[in-house]
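Asker: Residue-level listing of the chains:
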Amino acid sequence: MDLYRQDMIDHYQNPRNYGEIVDADAIIELENSSCGDKIKLFVKLKKDKIDEISFTGEGCAVAIASASKLTEYAKGKDIKQIQKLTTDDLLKIIKVELTISRIKCANLSLQTIKKSINSVDHKQKI
Amino acid sequence: MNKSDFPIFNNNPDLVYLDNSATTQKPQVVIDSIVDFYQNYNSNVHRGIHKLAETATIEFENARGNIAQFVGAKPEEIIFTSGTTESMNILAQILFEHFKDSKGKKTILLSEMEHHSNTLPWMMLAGNLGWNIEYVKLTEEYELNLESLYDAIKKNDVSILSLTHMSNVLGTINNLDAIFSKVKSISPDIFCIGDGAQYVPHHKIDLSNSKSIDFYAFSGHKMMGPTGIGVLYGKKNLLEKLNPSKVGGGMISTVKRNSFTTAELPEKFEAGTPNIAGAIGLSKAVDYLKRQDTLEIEKHMSELTRFTLDELRNIKELTLYGPPVFEKRGPVFSFSIEGIHPHDIAQILDQDNIAIRAGHHCCQILHRETLKIPASARASLYIYNDIENVKRLSNSIKKLITQFKR
Chain H
108 MDLYRQDMID HYQNPRNYGE IVDADAIIEL ENSSCGDKIK LFVKLKKDKI DEISFTGEGC
168 AVAIASASKL TEYAKGKDIK QIQKLTTDDL LKIIKVELTI SRIKCANLSL QTIKKSINSV
228 DHKQKI
Chain Z
101 MNKSDFPIFN NNPDLVYLDN SATTQKPQVV IDSIVDFYQN YNSNVHRGIH KLAETATIEF
161 ENARGNIAQF VGAKPEEIIF TSGTTESMNI LAQILFEHFK DSKGKKTILL SEMEHHSNTL
221 PWMMLAGNLG WNIEYVKLTE EYELNLESLY DAIKKNDVSI LSLTHMSNVL GTINNLDAIF
281 SKVKSISPDI FCIGDGAQYV PHHKIDLSNS KSIDFYAFSG HKMMGPTGIG VLYGKKNLLE
341 KLNPSKVGGG MISTVKRNSF TTAELPEKFE AGTPNIAGAI GLSKAVDYLK RQDTLEIEKH
401 MSELTRFTLD ELRNIKELTL YGPPVFEKRG PVFSFSIEGI HPHDIAQILD QDNIAIRAGH
461 HCCQILHRET LKIPASARAS LYIYNDIENV KRLSNSIKKL ITQFKR
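Chain order of the listed sequences is H and Z.
Numbering of the first sequence is given in my numbering, commencing with residue 108 and proceeding in unit increments.
Numbering of the second sequence is given in my numbering, commencing with residue 101 and proceeding in unit increments.
Bound-form chain Z, shown alone:
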């Protein structure tokens, strides 16, 4: 990995980009692959006879295969969406179709650390089905309270459990495989869903090895791919049984006046022309990640996480949220400073060319009920960040604290 692989850093040499949980920067190879598609073989995929359509279809399906292999899935288990948010919305609609004639008031179980994209689709589904929604509380160390999670499962009315694999505010990593396995040992029929938007960019995942993750969602743009492309993964046997919620071109086998039959997986769930350039770009981002020395990247990120934790903890005016132990968290650091609003922190850091984010980070429930603050400032790191970047961050924070000193 070389920082010069990313044109944005060549074009903005002084930029310290620490807003990676929101979106990551793109290497030249990803940008080139999108231009290449539109310049050299732009065409719609599937059912085209001409050469361009053939090339586009091959590249698009190769992209699916490459992305599937990267997360340990079968190609037919990878449904292209516009991102995690759309993945969760589509899944909630598919499950509405599945449950709409079922009897009884069931529960959808989430946690207090979920992003709005893993909260609102379920809120809507619960509303449509007349079901309950419950949130697992967090421990004092900002981890899931597993005891209360399993207690909720034991009550036997939970039908859907959806949890983030890594919190976009706290950095907390949830061991979904272990949690979902335990859940299924108590109640095997629960649909277990993972939100991998923050986890996949940082960690290797092997979905074929997980017997308990039924569905999984992630976004391309948070792992150096383009915006507007993401994935909904589903276990093949489940996807085969479920019906699509989105219908139209590309997802059918035959259409008659009053009825239709669906295509095979994964087209069944992909109505309309897909984001072809996006899928190809994401596949190139996956190639870029695969070319890295995994051990070296892991070592770099864990050193960086430990260093950032120490740097920020040394600023006594700063309150840092998330697990205190660096092994239990990803490189996401949300914080607040008494007497200085997060928006002001972000604006002053921007004057020093340091890009962070301020607000509720699409986690209002977490901020209001757990952290009890309206907003926080958040610095989030990726593979191209280094110790120097973190030092610039902590120095600027110290400077602004002095500026606001009464």
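Chain H with its partners taken away, still in its complex shape:
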């Protein structure tokens, strides 16, 4: 499947859920040091569900489009379900096949989402 088909470029150029959530429960930024991609994730929970989610950042089409598609997918989902997502699940959600060198681009948003959910979880337990 062509990685750069129109819907990927569309999500890259018009990312969904792009922007900040002022009263977010967690804000986490992760960077891919090898290529400089950055994703900052904002998340607001309602009980065990993701109520609001958004992101800002810069990066390649794979990084941005996967953040866009993954945040779309995550909205309203149970946090346990998100925490269990694997890289293979992610590739199914964003519907692309990636070479080894590009999987890390897609994975950045998944790592950032998981980390932000964990940080809220952790806070609630305290």
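Some hints here could point you the wrong way.
[Claimed, not checked] No more than 20 Å apart at the CA atoms, straight line, and that leaves these computed lysine to any residue pairs for SDA-like:
1. Z:K505 - H:D109
2. H:K147 - Z:I473
3. H:K145 - Z:I473
4. Z:K505 - H:Q120
5. H:K145 - Z:E469
[Claimed, not checked] Among the chain Z residues that face chain H by a calculated CB cut under 10 Å, a handful are:
6. R147
7. D444
8. Q447
9. I448
10. A458
11. Q503
For the record, the hints were derived by calculation from the structure and aren't laboratory data.
Heads up, the beta-carbon is just placed ideally off N, CA and C, and yes, glycines get one too.
Given the coordinates of chain H, assemble chain Z onto it according to the supplied hints.
Answerer: What follows is chain Z alone, placed relative to chain H:
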């Protein structure tokens, strides 16, 4: 030079290989020489009495002599390393041994266009000695700001100056001989070091004629030799005075319970079994280069550089980095396109079988502070590339710009 000398192009007929600053392809003669060593006379070098050891030693030392002659050095001034990175690390450690008991806070001067392998060893040395590190800025035309370089030298606290001979991102060629001569006329005791990783594959260098280059490093694999072999050159009188940082087998004269004396040059700096096959392979790559018509290759590369500059400049969406004048640069072309990430550029070109590189090319300081971009795409050419290759590159770039058009 014939493209069919390189098996990789016979095995990948549609490949347009434009990642030569990272590594070059190998001609059959180089590959054969490595196989020949392992199949016919594999043995450790030096101090062997048997026939194989004798042959291996002769071939290994002939390789050193051949490589020395190619860069205008004496054989004993050629220390085999694994590549430029190891050369710079070893040199920094040797200079640590030299300076560790000296007094006063000195400065190591580098430039903003240095590769990490000519930055990090010096950062570590500066840290270990409690010294400063400073970077010469670049001009708007991506050349060294020589005025500020000489001003820094005049402050009289610089002990080490290490500069690239040709930038692996900008293609900028620095006239090290002239720069180092001027530096030494101001302050004669500065150690002047050249990073020749990108320069040596493209240009003839005569180190014996240079009174000002004290040390010089280059890699075999960027000039059609195998990976894992490179050179640290040092002026004989300096190498004789300095002590090794790496010790063990092969570098000693006598060993007692609590002390040792070192072997003569160059073994003194080559502890452990060297990369014998690598040295022999690099020597064959040097032979291959020597067999070429130098004038013809130079003409070919300068035409190719000029053509690529024109082709890429004609793409208005593309920002090209490096000196605008083709005579001042080597065939390395780093660029960015607004709204398309370099990784995406490289991936789409790969779909068209064009191999380029994307990233910071081991020059984060240059990208972040000078170019002010996180990464760039880079096409770099070598002697087997041609006008057709460059046309394929520019056509694919134009196509991907259309693909991303909003």
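Asker: Taking the hints in turn, state whether each one holds.
Answerer: Results for each hint:
{"no.": "1", "hint": "Z:K505 - H:D109", "in the structure": "holds (17 Å)"}
{"no.": "2", "hint": "H:K147 - Z:I473", "in the structure": "holds (19 Å)"}
{"no.": "3", "hint": "H:K145 - Z:I473", "in the structure": "holds (13 Å)"}
{"no.": "4", "hint": "Z:K505 - H:Q120", "in the structure": "holds (10 Å)"}
{"no.": "5", "hint": "H:K145 - Z:E469", "in the structure": "holds (18 Å)"}
{"no.": "6", "hint": "R147", "in the structure": "violated (44 Å)"}
{"no.": "7", "hint": "D444", "in the structure": "holds (5 Å)"}
{"no.": "8", "hint": "Q447", "in the structure": "holds (7 Å)"}
{"no.": "9", "hint": "I448", "in the structure": "holds (6 Å)"}
{"no.": "10", "hint": "A458", "in the structure": "holds (8 Å)"}
{"no.": "11", "hint": "Q503", "in the structure": "holds (6 Å)"}
Hint compliance for this structure: hint 6 alone is broken.
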